[in-house]
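Those protein sequences? They're chains A and B, same order as listed. The first sequence begins at 0 in numbering that gives the first Met the number 0 and counts up one residue at a time. The second sequence begins at 0 in numbering that gives the first Met the number 0 and counts up one residue at a time.
Keep in mind that the hints were calculated from the coordinates and are not lab data. Be aware that a few hints might be false.
Within a straight-line C-alpha distance of at most 30 Å, the following computed DSBU-like cross-link-like pairs (lysine-lysine) qualify [unchecked claim]:
| id | chain 1 | residue 1 | chain 2 | residue 2 |
| --- | --- | --- | --- | --- |
| 1 | A | K78 | B | K79 |
| 2 | A | K178 | A | K155 |
| 3 | A | K6 | B | K145 |
Protein chains: 2
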Amino acid sequence: MKNYEIKALLIGLTKLGCSRKYTRVNKAELALDLDVSAWTLNRWIREAINRGLVNILKDGRASLYKITERGLIELLDLKKLLEDQLEDFISMKGLVTKGLSEGAYYMSIPEYEEMLHKALGFKPYPGTLNVKILEKYVPLRRILEKYEKPITTGFKKNSKEFGGVGFLRAEIINDSGRKETCAVLFIEKTKHGPDIIEVVAPVNLREKLNLKDGSEVKLIIYLSS
Amino acid sequence: MKNYEIKALLIGLTKLGCSRKYTRVNKAELALDLDVSAWTLNRWIREAINRGLVNILKDGRASLYKITERGLIELLDLKKLLEDQLEDFISMKGLVTKGLSEGAYYMSIPEYEEMLHKALGFKPYPGTLNVKILEKYVPLRRILEKYEKPITTGFKKNSKEFGGVGFLRAEIINDSGRKETCAVLFIEKTKHGPDIIEVVAPVNLREKLNLKDGSEVKLIIYLSS
Chain A
0 MKNYEIKALL
10 IGLTKLGCSR
20 KYTRVNKAEL
30 ALDLDVSAWT
40 LNRWIREAIN
50 RGLVNILKDG
60 RASLYKITER
70 GLIELLDLKK
80 LLEDQLEDFI
90 SMKGLVTKGL
100 SEGAYYMSIP
110 EYEEMLHKAL
120 GFKPYPGTLN
130 VKILEKYVPL
140 RRILEKYEKP
150 ITTGFKKNSK
160 EFGGVGFLRA
170 EIINDSGRKE
180 TCAVLFIEKT
190 KHGPDIIEVV
200 APVNLREKLN
210 LKDGSEVKLI
220 IYLSS
Chain B
0 MKNYEIKALL
10 IGLTKLGCSR
20 KYTRVNKAEL
30 ALDLDVSAWT
40 LNRWIREAIN
50 RGLVNILKDG
60 RASLYKITER
70 GLIELLDLKK
80 LLEDQLEDFI
90 SMKGLVTKGL
100 SEGAYYMSIP
110 EYEEMLHKAL
120 GFKPYPGTLN
130 VKILEKYVPL
140 RRILEKYEKP
150 ITTGFKKNSK
160 EFGGVGFLRA
170 EIINDSGRKE
180 TCAVLFIEKT
190 KHGPDIIEVV
200 APVNLREKLN
210 LKDGSEVKLI
220 IYLSS
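Sequences and hints are given; from them, build the entire structure.
This is how it looks when you write it as structure tokens:
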């Protein structure tokens, strides 16, 4: 069994919670996730157990699995590598675009305004800048959503439901290289497609960075805000 | 090409620096690291390029490789999984053991004492507690060394060389469950084997936790001090 096959198995088991405790594993599901046959999966598991990387516990007919300390070493090593080698930000380019005034609407609601102020540490200029990111960055945006920090999980007011909002700290840079601190918002109930990113800042970005619809901007979005 | 093979390739390239910039890749070395044939490696690379996960740049006869944004997505996803699922500490058991008085010696050197105090945030009791960890934890200790925070990279005094020291925050728990805050030291020029962990604390741990040589203790060592 190759080392990268072991790692694939350990990662698959980690997804199911086996790094923390003895966990029931749906082998059909795991085989599908790993894209291997049931036969191969069983062989991998047997070998991982023999190598002391995985423990098995029988619970009636079910089998529970847990990654051993030795197995965790492999994963911690990988985690360290990724932490050391991957940048802690994602950068993407896009064009300033007219929005649906959604951001401005949300920021006109005192509850949101206050929560934004508290979370961001600055009083946001009332109104968001909408950036239409290039198509190739859309999958990256999905990653961002996994890292977003919550501002609110939503609330009810006058029997109206207001959805959750999250954010990540960012910098926005115009085509002459001038930059401003800002944040990107993740609005749960947005009507925008995934190619639109809403940016808030303490200042009017259109004025400060001399932006018009169609201006190209670069966003540097930090994953650990 | 299986998804986990792609991931193995991306991880291998990451080790070589290809997540940050176009980097020359020694294919023989990479094939060895991945434990695949040169032929398989070339097939993997070709497919990764076709899938838009890796870019290639010809520089005379050499080829430089860089992981694309799409490739980084895969790795960021994996990093997030490991960050979410792996505990941020390692726990290990061991037995209190008589040391070589190395720790006490180092702590008698004013420079070390001062640097320890500054790094740890507490004035360490003069003398370390030596814990002999069980054999199965020794590989875990190697992982710890990757996470250690530097206290000093070493210095010269009276033409004598003093080696580097690092630390990680920890808790030590005795067999009745009583615990104390402490730190584990990583002493560059130690004469101890990798099975001995030196623990410093603001208090006399032997007294406070009622420890004798041979007493069993548990160490909880935090990876992000």
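Here's how the hints hold up against the structure:
Straight-line distance between C-alpha atoms of K78(A) and K79(B) comes to about 9 Å, which keeps the hinted pair within the 30 Å bound. For a cut-off of 30 Å, the pair hint linking K178(A) to K155(A) is broken: about 37 Å separates their Cα positions. With a C-alpha separation of about 19 Å, the suggested pair K6(A) and K145(B) falls inside the 30 Å cut-off, and the hint holds.
Checked against the numbered hints listed earlier, the structure breaks hint 2 alone; every other hint is satisfied.
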